[in-house]
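Produce the complete structure using the sequences and hints provided.
Counting in the numbering used here, the sequence shown runs from 20 upward without gaps.
Simulated from the structure, these hints should not be mistaken for laboratory data. Quick caveat: nothing in here was measured; it's all calculated off a predicted structure. Heads up, some of the hints might be wrong.
No farther apart than 27 Å at their CA atoms in a straight line, the calculated lysine-lysine pairs in the DSS-like style are these [stated by the list, open to error]:
1) K60 / K41
2) K41 / K126
3) K60 / K49
4) K126 / K143
Per label pair, the in silico range of CB-to-CB distance [as the list claims (entries may be wrong)]:
5) G91 / H51: 17 to 27 Å
6) K88 / K115: 30 to 40 Å
7) K87 / K148: 31 to 41 Å
The C-beta atom is built at its ideal place from N, Cα and C for all residues, glycine as well.
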Amino acid sequence: MLRNQEIDDYIAQSSATKEQKKYFEFARNKVHEIWPTTVEKISYAMPAFYPDEKAKGIQLLIYLSLNKKWLGFYPMPAFIYANESLLNELNLNFSKGAIQIPYDTSKDILTDLLERAIEFNGRKYLEDK
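Given below as structure tokens:
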């Protein structure tokens with residue numbers, strides 16, 4: 020896994036607690052496990068995870084951000100629309116482009132959402148290539 024120093028700095032400079040940072044790092048590592056060619060960048064002042072070096076703009080797998088009460092999970096609107104019933108079932112707050120994942124959400128649920136989002140966005144990227 021190739022780690023991006025800007026994202027390391029983003030985490031270090033965050034006012035998030037140690038436990039919240041660990042939760043973020045868990046998600047970060049899972050992204051790389053799910054999509055091994057992931058490239059990390061900072062985009063829109065947030066950690067962005069792209070499928071490979073050639074991807075740009077909105078051709079991304081996911082954005083993640085550290086917030087005071089939740090992990091910001093930004094998988095793109097098409098994913099949220101396609102999975103709205105699941106997000107309601109999980110009782111997660113979400114909008115057109117963002118999902119709020121409270122830090123006490125189980126890592127199994129987080130992993131499932133990451134897998135679904137990354138596979139959804141990765142498949143779209145490969146189709147559009």
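Evaluated hints:
Our distance criterion of 27 Å between C-alpha atoms is met by K60 and K41, whose separation comes to about 19 Å. Of the supplied pair hints, the one linking K41 and K126 holds, its CA atoms being roughly 11 Å apart against a limit of 27 Å. Proposed proximity of K60 and K49 is supported: the alpha carbons are some 16 Å apart, at most 27 Å. A threshold of 27 Å between alpha carbons decides the hint, and for K126 with K143 the separation of about 25 Å falls inside it, so the pair holds.
For the hinted restraint 17 to 27 Å between G91 and H51, the CB-CB distance of approximately 19 Å keeps it satisfied. In this structure the supplied range 30 to 40 Å is violated for K88 paired with K115, their Cβ-Cβ distance being about 20 Å. For K87 and K148, the hinted distance range of 31 to 41 Å is satisfied, since their beta carbons lie about 38 Å from each other.
Violated hint: 6 only; the structure is consistent with all others.
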